[in-house]
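Trainee: Now for the letters of each chain:
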Amino acid sequence: MLEVSLQHYLLVAALLFAAGVGVIISRRNAIAVLCGVELILNAAALNFVAFNRYAAPAGRLDGQVFTIFIIILAAAEAAIALAILLNLFQQTNTVDVDEADTMKE
Amino acid sequence: MDIDFGTIMFFALAIVAVVPAFMVVLARDIVRVAFWLLASLCGVAGLYILLGADFLGLTQVLVYIGGILVLILFGIMMTSKDPLHEKATASGKRSPVTGLVTGALVFAVLAAVIVGVGFEENKGVSGGEPTTTKLGEVLLTDYVLPFELVSVLLLFVLCGAAYMARRRREDAHA
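Heads up: the protein sequence lines correspond to chains S and P, in order.
Per the working numbering, numbering through the first sequence is continuous, rising by one, with the last residue being 105.
Per the working numbering, numbering through the second sequence is continuous, rising by one, with the last residue being 174.
In case anyone wonders, no lab produced these hints; they're calculated from the structure.
Quick reminder that beta carbons are idealized off the backbone N, C-alpha and C, glycines included.
Incomplete in silico selection of chain P near chain S, CB under 8 angstroms:
1) Thr7
2) Leu47
3) Leu51
4) Ile68
5) Ser95
6) Gly103
7) Ala111
8) Phe119
9) Lys134
10) Ala165
Using the sequences and the hints, build the whole thing.
Mentor: As C-alpha cells, this is what we get:
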C-alpha cells in the first residue's frame with residue numbers, strides 16, 4: 001500500500017515553488033509576478049506544516065506558528081506591493097515590469 | 001487493493017494544488033491568472049487540513065482567498081484597461097515556455113535533494129485533535145514577542161498602504 005510520507009508533501013511543495021519561479025520568470029504584468037510570489041510563500045508554508053506533522057516532537061506546533069507568521073507577512077506584502085503598483089500605474093500608466101525601468105522622471 | 005482514504009485525499013488535493021499552479025504560468029490573461037491562483041490556494045488549504053492543521057487551513061481560506069486574492073483582483077481592476085483581453089505574456093524572451101523550463105530545472109534540483117536526503121520521520125505522530133487552543137497558548141507564551149511585533153508591523157503596513165495608494169490631487173488647493 002502506498003503510504004503518504006513527508007517526501008510526498010515536500011515534492012508537492014517543490015512543484016508549487018517551481019511554478020512560482022516560472023511565473024516570476026515569464027510574466028510581464030507585475031500583478032501576475034505578485035501571484036508567483038504568493039505561490040512561493042505557499043510552498044514554504046506547506047513545507048513548515050509538513051515538517052511539523054512528520055518530524056517535530058509530539059505535541060509541538062512550532063511549524064504551524066511559523067506558517068501563521070508567513071501568512072501574516074504575505075498579507076502585508078501583498079497590500080504594500082499593490083499600493084506600490086497603484087502608484088506606478090498612476091505615474092507611468094502601465095504595470096509592465098519590463099517598462100518600469102526609470103527611478104525618477 | 002487497500003488504498004486508504006487519506007492517500008486518495010492527498011493525491012486529489014495535491015492535483016488541485018499543483019495543476020492550477022502551473023496554469024498560473026500558462027494562463028492567457030491576468031484575470032485567469034488570479035482565478036487559477038485561487039484554485040491552487042484552495043488545494044494548499046486542503047493539504048493543511050489533511051496534515052492536521054485545521055486552524056491553518058481555515059486561516060488560509062480566510063486570509064489568502066478572502067483577503068489577498070480579493071486585493072489582487074482589485075489591483076487588476078484598477079491597473080489594466082481591458083483585463084480580459086490583455087495579453088499577460090508576450091512571445092519571445094518572456095514566454096510561458098521559458099517559465100516552464102526554468103520551473104522544471106528548479107524542481108529537478110529540489111526533487112533530487114528531497115529524494116536524496118531521506119528525512120527521519122517519527123511514526124504515529126498524533127494528529128486530528130483541534131490545534132486552535134494549543135496554537136493560542138503557544139502564541140501567547142513562547143512566541144509572544146514575534147506575535148506583538150507582527151501586530152505592530154500590520155498596523156504600519158495598513159497606514160503605509162493607505163498612504164501610498166491614496167489618490168493624489170495635482171490641483172490641490174494648498
